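*Asks:* As a plain string of letters, each chain reads:
There are 2 protein chains.
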Amino acid sequence: MTFAVQVKVMPLKELLDPQGKAVMGGLGNLGLNAIQDVRIGKNISLQVEANSADEARAIAEQAAKKLLANPVMEQFEISVQ
Amino acid sequence: MTFAVQVKVMPLKELLDPQGKAVMGGLGNLGLNAIQDVRIGKNISLQVEANSADEARAIAEQAAKKLLANPVMEQFEISVQ
Chain Z
2 MTFAVQVKVM PLKELLDPQG KAVMGGLGNL GLNAIQDVRI GKNISLQVEA NSADEARAIA
62 EQAAKKLLAN PVMEQFEISV Q
Chain B
2 MTFAVQVKVM PLKELLDPQG KAVMGGLGNL GLNAIQDVRI GKNISLQVEA NSADEARAIA
62 EQAAKKLLAN PVMEQFEISV Q
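Heads up: the sequence lines are chains Z and B, in that order. Under this note's numbering, the first residue of the first sequence carries the number 2, and numbering increases by one thereafter. Under this note's numbering, the first residue of the second sequence carries the number 2, and numbering increases by one thereafter.
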């Protein structure tokens with residue numbers, strides 16, 4: 002079976018996110034002052050061949066730890082559909 | 002009130018995603034052959050000051066259309082928490 006797995010990779014809360022800050026400045030210039038904070042990460046959508054949702058999640062977690070996320074700067078969250 | 006709004010920006014299904022293809026190659030080299038497709042987009046987390054969840058969603062939609070997503074190549078999805 003093929004499972005659709007989403008891996009959300011975001012910069013750690015403790016760290017500055019200069020890309021997010023730049024985008025927030027841009028939004029301010031466009032008059033969107035109601036937006037008070039912006040953080041930008043990655044959303045990675047995987048198609049995983051596995052026997053169960055748990056197995057698909059385990060494979061995605063391995064992928065996230067080995068390649069998709071940098072644990073020094075990023076945290077990740079996995080959701081299986 | 003401040004609402005946490007997530008904007009998920011993904012490359013359109015009709016388009017190639019070279020970054021995703023490169024990552025899929027890398028995962029194959031690591032032995033993760035169960036992953037059959039990878040698509041990489043952005044996840045943007047906003048803090049929006051608004052009177053209601055609907056207003057927060059409308060502000061985020063404006064931001065996505067004006068700056069966060071490129072409609073020629075990307076689609077976006079908004080969720081308000």
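Since the hints were made in silico from the structure, they are not lab data. Bear in mind that the values here come from a model prediction, so they are computed numbers and not experimental data. Hints may contain errors.
Since the list gives no way to pick one copy over another, a pair counts as held whenever it fits inside one copy or between any two copies.
Straight-line distance between alpha carbons at most 30 Å, and here's what the computed DSBU-like set of lysine-lysine pairs gives [claimed, not checked]: (1) K9 x K66; (2) K22 x K67; (3) K9 x K22.
*Asks:* A separate judgement is required for each hint: does it hold in the structure or not?
*Replies:* Hint by hint, here is what the structure shows:
1. With identical chains, the CA atoms of K9 and K66 are at most 30 Å apart both within one copy (12 Å) and between copies (22 Å).
2. Taking the shortest Cα distances, K22 and K67 sit within 30 Å of each other both inside one copy (28 Å) and across copies (17 Å).
3. Taking the closest pair of Cα atoms, K9 and K22 come within 30 Å of each other both inside a single copy (19 Å) and across two copies (18 Å).
Taken one by one, the earlier hints all hold for this structure without exception.
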